[in-house]
Amino acid sequence: MHRIRAAAAVAVTVSLMTAATACGGGSSTNGGGSNDSPKTLTYWASNQGASIEADKKVLRPELDKFEKQTGIKVKLEVVPWSDLLNRILTATTSGQGPDVLNIGNTWSASLQATRALLPWDAKNFGKIGGRDRFVDSALGSTGAQGKDPAAVPLYSMAYALYYNKKMFADAGIAKPPATWDELIADGKKLSKSGKWGLGAEGSNPSENIHHSFVFAKQHGADFFTADGKADFTNDGVVAAVQQYVGLMAKDKIIAPGNAEYAQNQSVSDFAKGKNAMLLWQSASANLTSQGMSADAYGIAPVPVQSGTPGTGTNVNSMVAGINLAVFKNTDNLDGATKFVKFMTSDGEQKILNTAYSSIPPVKAAQADTTFNTAANSVLKDTLAGSAAALPQVADESQFETTVGTAVKELFADAAAGRPVTTASVKAALEKAQQQMPKK
Amino acid sequence: MTTTATAEAAVRESSPGAAARGPRRRTGRIRRIGLPYLLLLPALILELLVHLVPMAIGIVMSFKELTQFYIRDWGTAPWSGLDNYKVSVDFDAPVGEALLHSFLVTVGFTLLSVGLCWLIGTAAAIFMQDTFRGRGLLRALFLVPYALPVYTAVITWVFMFQHDNGLVNHVLHDQLHLTDEPSFWLIGDNSFYALLTVSVWKGWPFAFLIVMAGLQNIPGELYEAAALDGAGVWQRIRRITLPSLRPVNQVLVLVLFLWTFNDFNTPYVLFGKTAPEAADLISVHIYQASFVTWNFGTGSAMSVLLLLFLLAVTGGYLLLTSRGRKAADV
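Sequence lines, in order, name chains F and P.
When we follow full-length UniProt numbering, the leftmost residue of the first sequence carries the number 1, and every step to the right adds one.
When we follow full-length UniProt numbering, the leftmost residue of the second sequence carries the number 1, and every step to the right adds one.
Hints were generated in silico from the structure; no laboratory data involved.
Built from N, CA and C at the ideal position, the CB exists for glycine as well.
Some hints could be false.
[Claimed, not checked] Once the Cα atoms are required to be at most 27 Å apart in a straight line, the calculated DSS-like pairs of lysine-lysine come out as:
| id | chain 1 | residue 1 | chain 2 | residue 2 |
| --- | --- | --- | --- | --- |
| 1 | F | LYS426 | P | LYS273 |
| 2 | F | LYS229 | P | LYS273 |
| 3 | F | LYS250 | F | LYS195 |
| 4 | F | LYS426 | P | LYS86 |
| 5 | P | LYS86 | F | LYS431 |
| 6 | F | LYS56 | F | LYS39 |
| 7 | P | LYS86 | F | LYS229 |
| 8 | F | LYS431 | P | LYS273 |
[Stated by the list, open to error] Stretches of chain F that chain P covers, calculated by requiring three or more beta carbons in the stretch to come under 8 Å of a beta carbon on chain P:
| id | region |
| --- | --- |
| 9 | 108–121 |
| 10 | 254–267 |
| 11 | 405–418 |
| 12 | 427–434 |
Using the sequences and the accompanying hints, generate a full structural model.
Set out below in structure tokens:
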């Protein structure tokens, strides 16, 4: 009897330990990829369009085209932006992820550090036509400097200033603002009778980071030191964040209600004529889907402190965009590479970037006349001459959330009518810095 | 199963050949003793797999320096000794200070939420004791918040709490003119009250259901006797209803406490990944430490500390209540 019980206990323990090791050890993630399952691929696409259904409508015909060409069936899942990073983390831990996936280009270095993504060395780039096919600024957001990229650029975007032509004309403003002083002056003229000068997404950490980063560049400051250490409380960064939140707190050209926006409500407000200006990346498709005609708004470069946009302190956008990555442990390595080649081919680049009103990061496709419209030329010029990549450090993802959340709290203060001072900004950034992983 | 076993035993007892019974009886005994263990085995295995093994893994993780560099194969993460615990309880440094703040917010929130849930649930259950027209319909209505999927219910509240277009501000500001300006409910200090409202709205029907079940067990004669002695409604509630509900309430309060203290869904759907400071409940705080800042080791240490706290509270509570019960029995 005792022997039976002991044997049963041992059997249960051994089976559990095996299960635990399998769960935690992630033995399946250790593989370097294989071609065991050459006929299918799973693709996680980030939600780019107005809805998941809209994305499926864009992507499905292209994936069917790929199947016709190669005989490889692609299982598509469009993942909402808010879930994407967690899904990738879970897949990294369990080893049960897709074969190919979209990642936000600012996450490249963080995800590269997990070693779960296939490195794009010269050999792999060779399989998709070579590294030279891609625009340099887009390649700048594919991983840490000096390492093989963790992903390949798919869609490029840049921030621009969208302005409502009629509201500008009604307020007697002849041209879009080129500096922040002009923007504030115009904003004050426009902020009346329930309408506001500018829209913002105060509760969205990523949006907060993108703007804070640009303001910091314009103050000649960075959030990280040259050797990759967090440096969130230097004077330039504090002044930058204060200036950004000050658009609501001090200049009062952003509606206090925008402090709780996190679901692109400011885009809807702009489409409805509640805000006269919007700082957004590639908003055209979104605005069209909300019923705003393309001739109702103009697109201008994001303002700078003085002068014209350029490099250094006249940077006026981050290099925004989406990259395409391959999970290292894929069971269809060749198929995944073929799929990346297909998605980054000149023809597909034109189709996909037109559908998402983004700019192709592939040089040949970018040169196509389709992307020479007035709107696209502003975005293209920004990407080519005055955009900078967010810090390509392993802690970038944590930086986005900690500093983005600090700015969110500062917006909450502004909305409640509390002053946003140099000291309060510094304290919020100090707290964010302390939450960063210690080295 | 039991019926079959008993029947088999009865047949064996009545069958001839008593000399051959020895070994068979022993097999029967083994089967009788082994059967309960066998029946418990699936539950035991699941309990191990679902609770104990992950818990053990979590404890191991709390002693490791687990960041994005190691999550792909967390077993290789370097040991960090008690570092994660030291960081979590260093209340003078920002991480520990934020954890302490979150803990205190959670304690205050839990006490208020459980208290209100219990009060409203009990009042409603007592009110529903009397039969009246429409009682069934009202009871069904009361249970709606409990039956709704959490996400659907909470996201509806998110719409209602919105600053510009929300129903709450529309009623409080536009219609009743109770506030000078529309308030913010999803950011800033008011977020605590928004969270409390949703939590109570979601939690009280459970208290109502359990108290109502408890009320069914109180004999009607007690109330009749009390009425004959001239006891009023309040006296009957105080002297009969509440003491009779004591065992039910003990379990109810404990369950509500644990659920509320650990509630993740409500704040997460209401505020997203990063809750406002005033409503920074500990479950979301730990989630943030783990999944937002990718400090899985520190997040695990915080989880272990939370587990120890809840075990201590639950243990203390059970000890107190069982002592109380023993004293009452004497």
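Do the hints match the structure? See the list:
1. F:LYS426 / P:LYS273: holds, 23 Å
2. F:LYS229 / P:LYS273: Holds - the C-alpha atoms of P:LYS273 and F:LYS229 are around 25 Å apart, at most 27 Å.
3. F:LYS250 / F:LYS195: Since the Cα atoms of F:LYS250 and F:LYS195 sit roughly 17 Å apart, the hinted pair holds (cutoff 27 Å).
4. F:LYS426 / P:LYS86: holds, 25 Å
5. P:LYS86 / F:LYS431: holds, 18 Å
6. F:LYS56 / F:LYS39: holds, 21 Å
7. P:LYS86 / F:LYS229: Judged against 27 Å, a Cα distance of about 22 Å means the pair holds.
8. F:LYS431 / P:LYS273: Since the Cα atoms of F:LYS431 and P:LYS273 sit roughly 17 Å apart, the hinted pair holds (cutoff 27 Å).
9. 108–121: holds (count 6)
10. 254–267: holds (count 6)
11. 405–418: holds (count 8)
12. 427–434: Since 3 is at least three, the answer is holds.
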